Amino acid sequence: MTVDVTTAVLLGGLYGVGFYLLMQRSLMHIILALVILGHGANLLLQAAGGPPGGPAFVGIVPAAAMSDPLPQALALTAIVITFGLTTFLLALSYRSWVLLGHDEVQDDIEDHRLRRRELGEAEEAGR
Amino acid sequence: MSTLVALPVLLPLLAAALSLVAGPIAAVQRVLSVSVLTAIAAVAGALLVAADRGAPVVLRVGGYAPPMGITLVADRLAALLLLVSIVVMLGVLVFAIGQRASDHGPRSASVAFHPMYLVLSAGVSLAYLTGDLFNLFVAFEVMLSASYVLISRRTNAPRVRASMTYVIVSLTSSLLFLTMVAFVYAATGTVNLADLSGRIDALPEGAKAGLALLMVVVFGIKAAVVPLHFWLPDSYPTAPTPVTAVFAGLLTKVGVYAIIRTQTLLFGEHGDWAFLLAVALLTMLVGALGAIAQNDLNRMLSFLLVSHIGYMLFGLALFTVAGLTGVILYVVHHIAVQAALFLVSGLVTRHTGTASLRDMSGVARTHPRVAALFALPALSLAGLPPLSGFVAKVVLLRAGAEVATPMAYVVTAAAVLTSFLTLYAMARVWVSAFWGEPSPPVPDVDPTDEVTVGTGVTSKPMLASAGGVVVAGLAVAALAGPLSTLSERAATDLLDRGPYRAAVLEGSSG
Chain P
1 MTVDVTTAVL
11 LGGLYGVGFY
21 LLMQRSLMHI
31 ILALVILGHG
41 ANLLLQAAGG
51 PPGGPAFVGI
61 VPAAAMSDPL
71 PQALALTAIV
81 ITFGLTTFLL
91 ALSYRSWVLL
101 GHDEVQDDIE
111 DHRLRRRELG
121 EAEEAGR
Chain U
1 MSTLVALPVL
11 LPLLAAALSL
21 VAGPIAAVQR
31 VLSVSVLTAI
41 AAVAGALLVA
51 ADRGAPVVLR
61 VGGYAPPMGI
71 TLVADRLAAL
81 LLLVSIVVML
91 GVLVFAIGQR
101 ASDHGPRSAS
111 VAFHPMYLVL
121 SAGVSLAYLT
131 GDLFNLFVAF
141 EVMLSASYVL
151 ISRRTNAPRV
161 RASMTYVIVS
171 LTSSLLFLTM
181 VAFVYAATGT
191 VNLADLSGRI
201 DALPEGAKAG
211 LALLMVVVFG
221 IKAAVVPLHF
231 WLPDSYPTAP
241 TPVTAVFAGL
251 LTKVGVYAII
261 RTQTLLFGEH
271 GDWAFLLAVA
281 LLTMLVGALG
291 AIAQNDLNRM
301 LSFLLVSHIG
311 YMLFGLALFT
321 VAGLTGVILY
331 VVHHIAVQAA
341 LFLVSGLVTR
351 HTGTASLRDM
361 SGVARTHPRV
371 AALFALPALS
381 LAGLPPLSGF
391 VAKVVLLRAG
401 AEVATPMAYV
411 VTAAAVLTSF
421 LTLYAMARVW
431 VSAFWGEPSP
441 PVPDVDPTDE
451 VTVGTGVTSK
461 PMLASAGGVV
471 VAGLAVAALA
481 GPLSTLSERA
491 ATDLLDRGPY
501 RAAVLEGSSG
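In order, the protein sequences belong to chains P and U. If you count by the UniProt record's numbering, then the first sequence holds residues 1 to 127, one letter each, in order. If you count by the UniProt record's numbering, then the second sequence holds residues 1 to 510, one letter each, in order.
To be clear, the hints were calculated from the coordinates, so they are not data collected in a lab. Since this is a predicted model, take the numbers as computed values, not measurements. This list has only true hints and no planted wrong ones.
Which chain U residues face chain P? A few, computed with CB under 7 Å, are given here:
no., residue
1, F134
2, L175
3, A182
Every residue gets a Cβ at the ideal spot worked out from N, C-alpha and C, and that includes glycine.
Could you build all of it, start to finish, from the sequences and the hints given here?
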């Protein structure tokens with residue numbers, strides 16, 4: 001695969017920003033992170049197809065000058081899937097906001113409960 | 001023959017559409033789902049016989065010759081796992097129908113459940129059968145989007161948190177999957193698995209190692225491999241019992257199947273793999289120790305699920321016929337046993353009204369049948385003879401000892417230790433939940449929550465289907481002889497790669 005500098009920098013930026021946002025606690029940031037990562041992955045698929053060329057229809061340009069249609073088809077499928085799932089995630093985070101009143105990712109409650117119980121038992125044993 | 005390969009994917013998708021239309025009429029939905037899954041189980045059986053007698057059954061979708069078009073391939077491994085998965089899905093479906101009928105009356109319909117369950121089965125089937133890396137991505141997405149709906153139905157506050165975790169983690173791994181597909185295509189110019197298996201050999205070592213590692217990470221998230229397992233014990237236990245059972249039985253195993261398929265077919269034999277052995281060791285021990293710390297029955301079972309994924313990685317990491325035979329036996333055993341354990345745990349919590357081990361007691365005296373149903377898969381998971389877990393573990397341990405490198409010995413020892421830790425965790429459950437004086441059931445915490453009804457009656461279909469899945473686990477032990485020779489043939493195919501490649505690339509179009 002040969003990639004020009006612009007695409008490479010853009011790809012790095014998209015993945016970097018995406019993973020940075022994914023680490024945040026706000027659900028909205030995480031949804032944006034997944035959208036941006038999705039863009040990054042789709043651009044990477046495009047870049048994997050090699051240098052740009054003519055439209056891949058028989059009779060318009062000679063076969064050697066055509067661009068590779070397969071990564072475009074893959075990216076198209078991926079766009080539809082990520083689009084649908086982003087919508088689902090938005091609906092779910094709205095539900096979370098309605099039920100919990102905020103849009104933060106919460107800790108694992110059972111983990112806290114277990115830790116508190118263990119600490120309590122250790123204190124009792126120490127007395 | 002080859003058109004049969006399309007049925008496990010096509011039938012449930014079409015039936016899902018019909019089921020959605022027939023939504024309000026419960027009887028139509030139920031008959032449709034049960035008959036479609038029975039039909040696929042029959043097809044899977046036929047595919048297994050055909051694949052075992054001769055070459056893998058290959059279907060070129062749309063008549064395009066590979067590597068251009070998508071191919072569906074049913075070799076021994078894919079057909080065997082498909083058969084086991086669908087049989088377990090059928091058992092869980094009967095359980096779900098029984099639970100719905102006893103909680104809400106025989107005529108009540110759950111509009112979304114049946115169509116989504118069918119879509120899930122289509123996704124699982126496609127993941128087993130596909131011979132194309134991008135199509136595998138699509139299969140995962142079909143499977144996962146159905147699972148998103150199933151896990152987030154009728155959300156309340158704890159469940160929305162858990163399903164949010166599940167969806168975000170799965171989506172992240174899907175995007176990594178897409179990245180991996182792009183890299184594979186950039187390096188080789190094809191996404192057909194059989195074609196890739198030849199072309200990846202020609203790549204430089206660094207690129208090969210990078211792709212192999214990326215694939216382990218992508219599928220490792222789905223398979224809940226330590227340290228990528230954190231989401232699983234957090235999200236599975238809150239879902240309704242049948243959903244948890246089918247997720248625990250199947251979804252992680254589809255991830256394991258994808259790891260096995262890609263590592264053997266694409267990267268071929270590279271001796272025992274220290275990195276994967278180390279990951280297997282970590283997965284076994286972290287999961288088992290995590291399980292011992294838990295107080296919630298379902299969370300404990302989830303940690304054990306993580307722990308036993310380690311066994312499958314262990315066998316794969318050895319990269320010998322014996323090791324892979326062990327993995328295949330282990331996956332078959334684990335699908336049935338883990339689903340059975342979650343179903344029975346659902347029965348237990350219906351009687352106690354709580355999943356907290358400290359608050360339940362004496363179930364063996366009040367409900368001896370439920371106790372017996374729990375004991376069998378629990379002992380099988382711990383690997384006590386003559387149950388199925390023992391058969392699978394013996395094959396794996398022997399394979400580990402045969403490889404005889406220091407690392408293999410260490411992991412073999414860890415596998416034995418994990419087996420004891422599993423037995424200890426199960427004994428803890430038995431002592432606190434099943435023995436002792438029966439305690440009164442804990443009152444329903446949230447009466448408005450329709451999914452986890454506090455305490456409820458257990459109808460005959462629920463007991464019978466949970467019993468059926470337990471018996472399926474026992475059957476694995478009863479059929480251990482023919483099953484292990486079949487697994488050995490499948491494992492030989494995996495390492496040889498020749499039959500698979502020949503069937504896809506050279507076979508006549510179907």
